[in-house]
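Enquirer: Here's the letter readout for the chains.
Protein chains: 2
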Amino acid sequence: MYDYLVVGAGAVGMATAYHIKRLSPSSRVLVVDQHPGVGMGDTAKSAAAFRTIFTSWINRTLAKTSVGFYREVQNSGYDLGMRHVGYLFLVPRENEATMRAVAHELIKAGTPVELYDKMDIPIRTRVSEDEEAREMGLPDVSVALLVKEAGIIDPERLVRYYYEKYVEAGGEVMFGVKVESVKFSPKRPIGIPGEPFPWQDARVAGVETSAGPLEAKNVIFATGAWTEMLMDAAGFGLPIKPRKRQVFVVKASGELGDLLRAGLADREYAPMIILPRGIYVRPEPVEESFWIGVSDRRRYGFEENPEPEEELWRFGIYPVLTKYVPLFEGKTPHNAWAGHYDENVVDYQPIVDRLAEGLYVAAGTSGSGIMKADAVGRIAASLALGLEKAELHGGMVVDSAVLKKTRCFEEERLVI
Amino acid sequence: MYDYLVVGAGAVGMATAYHIKRLSPSSRVLVVDQHPGVGMGDTAKSAAAFRTIFTSWINRTLAKTSVGFYREVQNSGYDLGMRHVGYLFLVPRENEATMRAVAHELIKAGTPVELYDKMDIPIRTRVSEDEEAREMGLPDVSVALLVKEAGIIDPERLVRYYYEKYVEAGGEVMFGVKVESVKFSPKRPIGIPGEPFPWQDARVAGVETSAGPLEAKNVIFATGAWTEMLMDAAGFGLPIKPRKRQVFVVKASGELGDLLRAGLADREYAPMIILPRGIYVRPEPVEESFWIGVSDRRRYGFEENPEPEEELWRFGIYPVLTKYVPLFEGKTPHNAWAGHYDENVVDYQPIVDRLAEGLYVAAGTSGSGIMKADAVGRIAASLALGLEKAELHGGMVVDSAVLKKTRCFEEERLVI
Numbered sequence: 001m002y003d004y005l006v007v008g009a010g011a012v013g014m015a016t017a018y019h020i021k022r023l024s025p026s027s028r029v030l031v032v033d034q035h036p037g038v039g040m041g042d043t044a045k046s047a048a049a050f051r052t053i054f055t056s057w058i059n060r061t062l063a064k065t066s067v068g069f070y071r072e073v074q075n076s077g078y079d080l081g082m083r084h085v086g087y088l089f090l091v092p093r094e095n096e097a098t099m100r101a102v103a104h105e106l107i108k109a110g111t112p113v114e115l116y117d118k119m120d121i122p123i124r125t126r127v128s129e130d131e132e133a134r135e136m137g138l139p140d141v142s143v144a145l146l147v148k149e150a151g152i153i154d155p156e157r158l159v160r161y162y163y164e165k166y167v168e169a170g171g172e173v174m175f176g177v178k179v180e181s182v183k184f185s186p187k188r189p190i191g192i193p194g195e196p197f198p199w200q201d202a203r204v205a206g207v208e209t210s211a212g213p214l215e216a217k218n219v220i221f222a223t224g225a226w227t228e229m230l231m232d233a234a235g236f237g238l239p240i241k242p243r244k245r246q247v248f249v250v251k252a253s254g255e256l257g258d259l260l261r262a263g264l265a266d267r268e269y270a271p272m273i274i275l276p277r278g279i280y281v282r283p284e285p286v287e288e289s290f291w292i293g294v295s296d297r298r299r300y301g302f303e304e305n306p307e308p309e310e311e312l313w314r315f316g317i318y319p320v321l322t323k324y325v326p327l328f329e330g331k332t333p334h335n336a337w338a339g340h341y342d343e344n345v346v347d348y349q350p351i352v353d354r355l356a357e358g359l360y361v362a363a364g365t366s367g368s369g370i371m372k373a374d375a376v377g378r379i380a381a382s383l384a385l386g387l388e389k390a391e392l393h394g395g396m397v398v399d400s401a402v403l404k405k406t407r408c409f410e411e412e413r414l415v416i
Numbered sequence: 001m002y003d004y005l006v007v008g009a010g011a012v013g014m015a016t017a018y019h020i021k022r023l024s025p026s027s028r029v030l031v032v033d034q035h036p037g038v039g040m041g042d043t044a045k046s047a048a049a050f051r052t053i054f055t056s057w058i059n060r061t062l063a064k065t066s067v068g069f070y071r072e073v074q075n076s077g078y079d080l081g082m083r084h085v086g087y088l089f090l091v092p093r094e095n096e097a098t099m100r101a102v103a104h105e106l107i108k109a110g111t112p113v114e115l116y117d118k119m120d121i122p123i124r125t126r127v128s129e130d131e132e133a134r135e136m137g138l139p140d141v142s143v144a145l146l147v148k149e150a151g152i153i154d155p156e157r158l159v160r161y162y163y164e165k166y167v168e169a170g171g172e173v174m175f176g177v178k179v180e181s182v183k184f185s186p187k188r189p190i191g192i193p194g195e196p197f198p199w200q201d202a203r204v205a206g207v208e209t210s211a212g213p214l215e216a217k218n219v220i221f222a223t224g225a226w227t228e229m230l231m232d233a234a235g236f237g238l239p240i241k242p243r244k245r246q247v248f249v250v251k252a253s254g255e256l257g258d259l260l261r262a263g264l265a266d267r268e269y270a271p272m273i274i275l276p277r278g279i280y281v282r283p284e285p286v287e288e289s290f291w292i293g294v295s296d297r298r299r300y301g302f303e304e305n306p307e308p309e310e311e312l313w314r315f316g317i318y319p320v321l322t323k324y325v326p327l328f329e330g331k332t333p334h335n336a337w338a339g340h341y342d343e344n345v346v347d348y349q350p351i352v353d354r355l356a357e358g359l360y361v362a363a364g365t366s367g368s369g370i371m372k373a374d375a376v377g378r379i380a381a382s383l384a385l386g387l388e389k390a391e392l393h394g395g396m397v398v399d400s401a402v403l404k405k406t407r408c409f410e411e412e413r414l415v416i
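Read top to bottom, the protein sequences are chains A and B.
So in full-length UniProt numbering, spot 165 of the first sequence is number 165, and the numbers just go up one at a time.
So in full-length UniProt numbering, spot 30 of the second sequence is number 30, and the numbers just go up one at a time.
A few of these clues could be false.
Any copy will do: because identical chains look the same in the list, a pair fits if it lies in one copy or spans two.
The list that follows gives simulated cross-link-like pairs (lysine-lysine, DSS-like), each with its CA atoms no further than 30 Å apart [claimed, not checked]:
hint	residue 1	residue 2
1	K183	K217
2	K217	K251
3	K165	K187
4	K118	K187
5	K331	K187
6	K331	K165
7	K118	K178
8	K165	K217
9	K389	K183
10	K45	K178
11	K251	K404
Simulated from the structure, these hints should not be mistaken for laboratory data.
Next comes chain A alone, as it looks inside the complex (with noise of 0.2 Å):
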């Protein structure tokens, strides 16, 4: 009998997992993970940036204190692949009031943020002399926004760091193993088959699993994409749901080679782009190329091995990339990945919530999971431990409850 059974190895399970043991150390606590390791969904699919800079509340909290906490396990010499390259938006005119207004809010509030007029703006588009562009009806990009704490992660190093320190701890693992369902029990069991029945008052006792029952007290799902059909059969519904992301690949050789080294406001490295439409290039230093990929509004849905699709690349992303940054035109990817973002359909924000009595869910990251882990999964413990407030990284307090689902979040103003 387990006192916490963590489904899922990811970063938000891993972080949920270490700080449960953190804060509870007596507390016998178990990760279960279908994969053979840590990491090795969704996770290892992101496309792992990070930035602290949000116009919203929640956004700043849940990713400042958690790169807060990443950055300080850099320095301390676990190298977890961090580099401040920063966050470039490119703004398109139509949005450039907006920006305008959110860049002065940001500058005024002592962030370390730059704007660049048209002129100045560091990477070179030619939206606005080609005809085909404005066939196409791509807009001119009028301003640009360069926010300076942001940067990209390698997330399999920081899961990783999580399931050492947790490991070290005494928590436990199950791999290869794939939770099929909750169980629940009544609370006052009158012997016949069939219960818990609606009627009854019930509590959860354990999972069933590939690899057959689960006995605990409490158990947590940290399943990002895989949520919302397991929470579905069980009876609880959230606003959570599965969508399809995809990443390419694209070497950085010749003049993108140039463009990957030339870092802005002294970093050595290009900036994660963003383009209009929801189109964004990462430096991936390491292996000397980019990721590209776009937050298309593509149907919802959970796909058992996803693949990615060249024609999302060939009519989704290429033609508008090229536009803009011309030093794409004639590349082809060189390797791609698809994986699952867990989104949030109506605040895209986490959820963390008590769903029954000895059932937590935390989820719901709807894409920035890899810059928001630490923060979730100390809430996420905190809620599992009963207590009241979560400490996050840094010693600021918030409500264990924040993130329930019923919440009310401002919209946030600062997206791709």
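Could you slot chain B onto chain A? The hints should help.
Expert: Showing chain B alone in chain A's frame:
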């Protein structure tokens, strides 16, 4: 080319279409439904009760104005089968304090409710003297609340009323046609197959159906339990999920007949009775019977042809029902049916929102669609017509975006 195409001829869809036509008589409006007539989906499977008394503002506003409209229709001579039999909440001790607080608030506000102390509760229950009930963990009833502005209605007549008025006003309908998907077209076509691509500005062009494409400038999905699968496929995430619901019908013969005719507060028939553990007993005077259901924590999911499950009656309802109302002992349902709720899994309120240019949704009524259909229809019509405000029955004005998916409502405290 239609100006407005409403998908779904249930209560919400027909109310929406009727109000569009009422507010914009010259618009060409079409209602499409897969069934051979109006109200043949989940509208016909509703428990079809109404109340106007809630603790939350939004529940009160939607139900009170809608029921006010139905009452006016009924009083004008168009029989909607409304009977103001009331709702009787039988409250277990664990909820007594909350219910007393709610009741005192309501009484202070001049709401027609009546609170019965244990000895005066007009329905005799025997839980307190029953050892088996105690072993089952069933709580004794310690107080009861009678809500008078409440009762039952015939949803098929209601939807027929809207249908007749809509057709009279020149509205068009297409039955037996299943809408399969929503179609978009690029605002600036470039003439390449596969348009619109993710980076193109697009707007609704119409729908694909089992009978071929239909063109429309605006499409409103009033698709209840079908909403999730249709909108998931279109890439629009909503916190709305289908959940099976079942109603069991028991003949009101012998002493049950006396119970049926034992109206409270001068009403002719028994009230809708809400037992502990989510079981409700609805009088059906026309058929001399009771409709019985339970809000069970059932898995989410859609069934193509949902059937009632004898097991739910036998293990989920009967053991509890007979403990609270022993008159049901030995009774078996002579009829039953199953349908779906379209449940908003966050706040159990309807969502009326604009998802893209020309694309609207009006769904998620979560089991109170009949009693809120008029207000939801007025809000959906106003939003689709581009009006900032919606005028509800009785002259109350709300923002047309009041039910957008990112709203924040207080939690309802008076629930089944």
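Enquirer: Each hint: holds or not?
Expert: Do the hints match the structure? See the list:
{"no.": "1", "hint": "K183 <-> K217", "verdict": "within (11 Å within a copy, 48 Å between copies)"}
{"no.": "2", "hint": "K217 <-> K251", "verdict": "neither (49 Å within a copy, 44 Å between copies)"}
{"no.": "3", "hint": "K165 <-> K187", "verdict": "neither (36 Å within a copy, 54 Å between copies)"}
{"no.": "4", "hint": "K118 <-> K187", "verdict": "between (66 Å within a copy, 27 Å between copies)"}
{"no.": "5", "hint": "K331 <-> K187", "verdict": "between (62 Å within a copy, 29 Å between copies)"}
{"no.": "6", "hint": "K331 <-> K165", "verdict": "neither (42 Å within a copy, 61 Å between copies)"}
{"no.": "7", "hint": "K118 <-> K178", "verdict": "neither (52 Å within a copy, 50 Å between copies)"}
{"no.": "8", "hint": "K165 <-> K217", "verdict": "within (23 Å within a copy, 58 Å between copies)"}
{"no.": "9", "hint": "K389 <-> K183", "verdict": "within (28 Å within a copy, 47 Å between copies)"}
{"no.": "10", "hint": "K45 <-> K178", "verdict": "within (19 Å within a copy, 38 Å between copies)"}
{"no.": "11", "hint": "K251 <-> K404", "verdict": "neither (42 Å within a copy, 44 Å between copies)"}
Violated hints, in rising order: 2, 3, 6, 7 and 11; the structure is consistent with all others.
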